[in-house]
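These two chains come separately, so use the hints to put the complex back together.
Chains as they are written, first to last, in my numbering: chain S, -19 to 711; chain U, 196 to 348.
Please keep in mind that the hints were generated in silico from the structure rather than gathered at the bench.
One or more of the hints may lead you astray.
Claimed, not checked - Derived DMTMM-like pairs: lysine to aspartate or glutamate, alpha-carbon spacing no greater than 20 Å straight-line:
id	chain 1	residue 1	chain 2	residue 2
1	S	Lys281	S	Asp420
2	S	Lys281	S	Asp233
3	S	Lys230	S	Asp179
4	S	Lys597	U	Glu223
5	S	Lys597	U	Asp320
6	U	Lys286	S	Asp46
7	S	Lys661	U	Asp320
8	S	Lys597	U	Asp315
9	S	Lys80	S	Asp47
10	S	Lys661	U	Asp315
11	S	Lys597	U	Asp319
12	S	Lys661	U	Glu223
13	S	Lys639	S	Glu441
14	S	Lys698	S	Glu523
15	S	Lys595	U	Asp319
16	S	Lys341	U	Glu223
17	U	Lys286	S	Asp47
18	S	Lys80	S	Glu145
19	S	Lys661	U	Asp317
20	S	Lys281	S	Asp268
21	S	Lys317	S	Asp307
22	S	Lys595	S	Asp649
23	S	Lys318	S	Glu441
24	S	Lys230	S	Glu276
This one's a predicted model, so the numbers in the text were calculated from it and none came from an experiment.
Listed here are the chains, written in short residue letters.
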Amino acid sequence: MAANPQDLTRTSRRRFLQAAGAATAAALTIGFEWSVAGRRAMAAGAVPATGETSFAPNAFVRIGSDDSVTIIAKHVEMGQGSYTGIATILAEELDADWSKVRVESAPADAKRYANLAFGMQGTGGSSAMANSWNQLREAGAKGRAVLLAAAAQQWQVPVSELRAERGVVHGPGGRHASFGALVATASTLPLPATVALKDPSQFKLIGQTIARVDAAAKSNGTAQFTIDFSLPGMLVALLQRPPLFGATVKSLDASAAQAIPGVVKVVQVPAGVAVIATGFWAAKRGRDALQVQWDETQAEKRSSAAIVAQYRDLADQPAASARKDGDAHRAIAGATKKISATYEFPYLAHAPMEPLDAVVKLSSDHCEIWAGDQFQTIDQANAARAAGLEPAQVSIHTLYAGGSFGRRANSYSDYIVEAVSIAKAHGAGTPIKLQWTREDDIHGGLYRPLYVHKLEAGLDEHGALSGWRHVIVGQSIMGGTAFDAMVKDGIDPTSVEGAANLPYAVPNVQVDLATTKTGVPVLWWRVVGSSHTAFAVESFIDEVAHAADQDPYEFRRNLLEQEPRMRAVLDLAAEKSGWSSAPLPAGRGRGIAVAEAFNTYVAQVAEVTVGADGKVKVDRVVCAVDCGTPINPDIITAQMEGGIGFGLGAILYGEISLKDGRVEQNNFDGYRVLRMHEMPKVEVHIVASTLPPTGVGEPGVAPIGPAVANALFAATGKRVQTLPFARGGFA
Amino acid sequence: MTTSFVLNGKATHLDADPTMPLLWAVRELAGLTGTKFGCGVAQCGACTVHLDGQPIRSCVTPLAAVAGKRITTIEGLHGKPATAVQAAWVKLQVPQCGYCQSGQIMSATALLTKNAAPTDADIDDAMRGNICRCGTYVRIRAAIHAAAASLEA
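Next up, chain U with everything else stripped away, as it sits in the complex (with noise of 0.2 Å):
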């Protein structure tokens, strides 16, 4: 069965089982590896994607909810606060191990867009659902609140 969606601005069409979490469907047949597994439960948010704009764990969406939608992944990210985001990590040197930090920038990316200057209690309300085992929870928290200030600025 074919699902027809938009991956990363493109017309996409994947001949796969429509139950296959859309994790693996951008990863194994599309071919786009940023986006990462770690719990396959929705528990970890490593996977985060966007649909519509909105934050979603791929591992847990299968790819038939997707048809007809628009699904931006870290390969496709693009636009202000995104562009601050990444910006942000480097500058504050955010990730150690980096496995996460696909799914925290996504995550990251999504708040800075509809809360252009976010608490650290809607940090904390947007985050939680992204672990980090290296624990660089407080570097994320900065990187947020210095990409707000740049894109303030």
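Same shape as in the complex, but just chain S (with noise of 0.2 Å):
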């Protein structure tokens, strides 16, 4: 395991990728590509009313006579900005006209439409656009070839006469002709075997700025979420699930419920008693009266304050080993200066702005599924198990989600099982959609684990570090789910990235995972592991600069020899952000933090004003980012914004708190984000490359929480250990 730390999070990829192939039985078909009688089909399936035809190389592009390219997109777009991110890369190499590029989301397929870092059709871990990168690379230069040879052909001129250039092929003698007037010469070429792909040099689309296939749509009304989409004779339903986790049905009285006007049925699935009506309002008005007597006996009823007492007393125990260089203990035992820190993370929902939703329809050999979806092939598999049919026998229309944070990738596939549960309970085949509220939401589980971190670091007699402990106690994600394959000897590798792959340079390391159950069930929430642990360990190397009394910045980089990217974007924030310049005044502070997530490295440095009442606000953050090749810069910069709002809220106010078992918030009055009045000044640098893309719609989440901890240090001297702000007055 420790073998090679730095290198965790990229080992472990490579293990999702196995134990997700296993769990889903997937076939993974690299550049799935269509034979010519294929291409025909696919084709034919997709002739406009005018009767145009239209060339389809493979199961990514498809071009019309009208010369539209139509880019089928595997992965939901949830706003991280993945449907532009794909159709650019693809038309770069494809040389189409983008004006003429439009974004279809590709069905539930895992055999054509896997991602090729799970092994499985998904979208998450930041990873559309590091394994798209070759495959649609790939794609849109095959296409390119065989317009070009459709050309060669239609002019009888050799192909290295031609190139194509924004969705035209130019020959000798100025003439040209549209992919559109090519596609029926097109569909009856073979494709090449292999294809030159572009120099970077030669990009025109990839690194420019280039607007949002949905920005118009999203900002008119007519984007289409799951919650808009209906069908003829389609009925709402509301679920009422147990009060309590692991808590089940003892009795039912739904004669209140059913005399509500519009209210059609009342059915008991396995996740609780749905009431089924016309609309919305009839079924929540229907919820509402319903008199349901619950069974708590199996339920968790203990408070946060008691699993966050039971961690603590774990971190002191002995625990599975995630990483041990040398001999922590006796670094530290022997060390001249000792300094130690307890950080307390509690549960956290991921609040979507669209609450979870999906429509079903049911027959008795076919389950058809619209929503936001975000791991087509598990929901299509636990579809199929609900619904009694073969995952074969179930269609998935992936919709716009309305964010998702991690929340709809879950290997229950919790509100599609849900959706069709109450399909197949009402029967008939009417088309049902299962509609959460926000206390739904806020109520779920499914949260970001509660975590106890324990550090402890010895700093020699020269001030050098030379040991560092860290032990992490929470709940596994993965464990006793599909992807339970990847838990390894005790250790979740989610649990404890971001901590295991400590990228400082210290002789002595050890982390251990003591793995908790709890009756809370659990998810990864934007940044997974990072959530956490870059908190504890940001906030932890910078108690222990300041212990040696040096400069966080110059501390954190002298470590970093050997991590020339996290070094880079360290030094790239601290200079953008004036950090060597005169100190802030009194009352204010900057604090900087990196972290690496999804081989994408992010340094930020946060500015923070304390009031007089002690409560910080973040005036300003400078963001580095190094993710490869900058594919789009716009979308990396609005990313890490966004990133950087979704944490700050998170960590200023986030919180799931349970009192005997009960979720204390109900929404968002509760439940508390960041709202505009809080977000500060943001100013994003991309790092230049021309290494492989690596994704960004996470990392940017990392680094803030402990950039502004560490920043109300520098204006008050006080240190967060315990998230979120608001519990210690903070904010």
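Written out as structure tokens, the structure reads:
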């Protein structure tokens, strides 16, 4: 495990691929291409009413005789810009006219549309660009090669005399033909086995700020989310779930609910009691009128405080080893100066703006699903199980998702299975829309786990960091799920990522993990492990730097000689923020933090003002990011801005707390998220690179918490070790 | 019971439970789905529409309360401030997931209609009731300033 801890994250991804592949038995086809017959079939299936033909060289693009270029996105668009990024990569190598490009979501089909990082169809781990990069470049380049070959055949000239530019093939003597004019011929030609990709210097779209394909529809109300989708005869269902995790229905009196006008049926399903009605309001009134007695004997009845107390005890017990270099115990025991800290992280809800929802149409041999689906292959399998069908009998239409932050990617397919089971219980092939309310979402579990981290460090007589010990206590996200095979030797990599791969050069390092069990269901939450490990590591290294009487930026930098990309973003953020300039006036402070997540490196410097009431206001954040080749700088910038806003809300206010097993928050009043007046100014600097691209949807979240906590310390001398800040009166 | 009001300039008569929030009447009965459900308790602003030009939270406004009133949703938004706001939203690439943006645009348009040159503090006041989980606040602020500038020009 510790053989190459720096590579832990990458190793994890590979294992994830194998585990997920095994779990779903998904066949993996890289660069799926249509045969000529297949292409004809595909084109025929796509013939518009006008009788136009089209050319589909592979599963990712279809070119119409009207010059339209339809790019098929295998990743959900949930705000991260995947549609635009996917289209950009493919259109670049195709030399398409960007104004003719449209994006369509791929059907659920793991054979054609697997995430190559997972071995199944799904979006997550900031992997959309990274796994699509070669696949879609090749798909575009092969399409272009066939279009060129078609022109060569039509004009009887060598391909070498042709070039494609913005949707047009140009030949000798000013001859030219639009892609659309070539599709009929192209459809009959073989695809090349191999194709040369562009040198980055030839890129025309990649690296440019291209407008998002969804910006206009999302600015005029026409973008269609699941909540907006309806079918003739469709009914709306709300589900009453247990008040405690693990409780079950003991008895049900639905008579009052059934008396509400508009309520059609009340059905009991494995997840609870569903009220099916003609619309949301009737379903809501019906659900409010339900009389359900719950059996709570198997339910989780502890309070958060009791769980934290247990975790604090466990932090002092022996645990599974995630990394062991040298002898951290001895180094710390013999240190000239010892530093220690214990951090507490609460459960967190994802709270995407669109509460979970799915539309299901179920017949005896087919289940059709419309959702902002993030885990198509798993959802297909789970829906099939709930419906009593085979996965191949389940089709999924992936719509825009109104945010997710990980919530829609879960191996239980909770909201999908609920919708299917309700549709099945109702019967008669009636389409059902299951709609969660915000309270359902806040109470609904699958939270970012609660964790306790205990850290100890030792400085030797020269002030050098000689030992580092880190113990993490909390639930496993993957254990006991379809991803269980990812857990090796008691280590769930998502519990320790960002900690076991500590980037700093320390001779003696020990990172341990105590995995706990509670009745609270948990899940990955934007930036996964680094949503807590980055806070612990980057707050603690800051404490250590101060204990060593060194500048926290210089201290980090000196320990990052072996991590050039991390050091470069740290330097860039320090430089652009004016780290070394005059100190801020009293009551203000600067803090710095750096993190790697999903192979993207982000450093942030936060500037804060602390009011007389002790509450922190974040004024400015300077962010440096290295995500390899920047495909769309404006989307990268937007993701950093958004990640900072999302992360900031969580560290200042975010907390799901249990009181005797009951979630104490209900809605956005109790579960506070960041609002407009709390958003700092953000400046984003992107490192120029020609390395393969990595993701940006999540990594920007990692450093903001510790950067702000370190800034608070700079301003006040106080350290925040219990999150959220609001707990200690700091927000 | 029938409630009559003007929806996006059109006389509208909806036969529905008068306690039904305007949000669901607009979405499910009038079929205008641009207005979104985010919280149901006037905490997030995704459901913001205009009642006689003022921004209101349609998720807590009973249908009965809008009898005889003029309601404007994102679908019926028009006029110079609205056009400027929507153009700025696209130009500055504000939306990410986009789900809250109808509400954001309704609030921003109402702000610019009564205050052609809002300060950052004015924007904070007018927009703090609209949550964006994607964290597009930096761009929302910039887009409101850009829209104001374009109206001045």
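Now the hints, each set against the structure:
no., hint, in the structure
1, Lys281/S <-> Asp420/S, "holds (19 Å)"
2, Lys281/S <-> Asp233/S, "violated (25 Å)"
3, Lys230/S <-> Asp179/S, "violated (66 Å)"
4, Lys597/S <-> Glu223/U, "violated (41 Å)"
5, Lys597/S <-> Asp320/U, "holds (16 Å)"
6, Lys286/U <-> Asp46/S, "violated (28 Å)"
7, Lys661/S <-> Asp320/U, "holds (17 Å)"
8, Lys597/S <-> Asp315/U, "holds (15 Å)"
9, Lys80/S <-> Asp47/S, "holds (7 Å)"
10, Lys661/S <-> Asp315/U, "holds (12 Å)"
11, Lys597/S <-> Asp319/U, "holds (14 Å)"
12, Lys661/S <-> Glu223/U, "violated (39 Å)"
13, Lys639/S <-> Glu441/S, "violated (47 Å)"
14, Lys698/S <-> Glu523/S, "holds (11 Å)"
15, Lys595/S <-> Asp319/U, "holds (18 Å)"
16, Lys341/S <-> Glu223/U, "holds (19 Å)"
17, Lys286/U <-> Asp47/S, "violated (26 Å)"
18, Lys80/S <-> Glu145/S, "holds (13 Å)"
19, Lys661/S <-> Asp317/U, "holds (16 Å)"
20, Lys281/S <-> Asp268/S, "violated (24 Å)"
21, Lys317/S <-> Asp307/S, "holds (17 Å)"
22, Lys595/S <-> Asp649/S, "holds (19 Å)"
23, Lys318/S <-> Glu441/S, "holds (11 Å)"
24, Lys230/S <-> Glu276/S, "holds (9 Å)"
In this structure, the hints that do not hold are numbers 2, 3, 4, 6, 12, 13, 17 and 20, in rising order.
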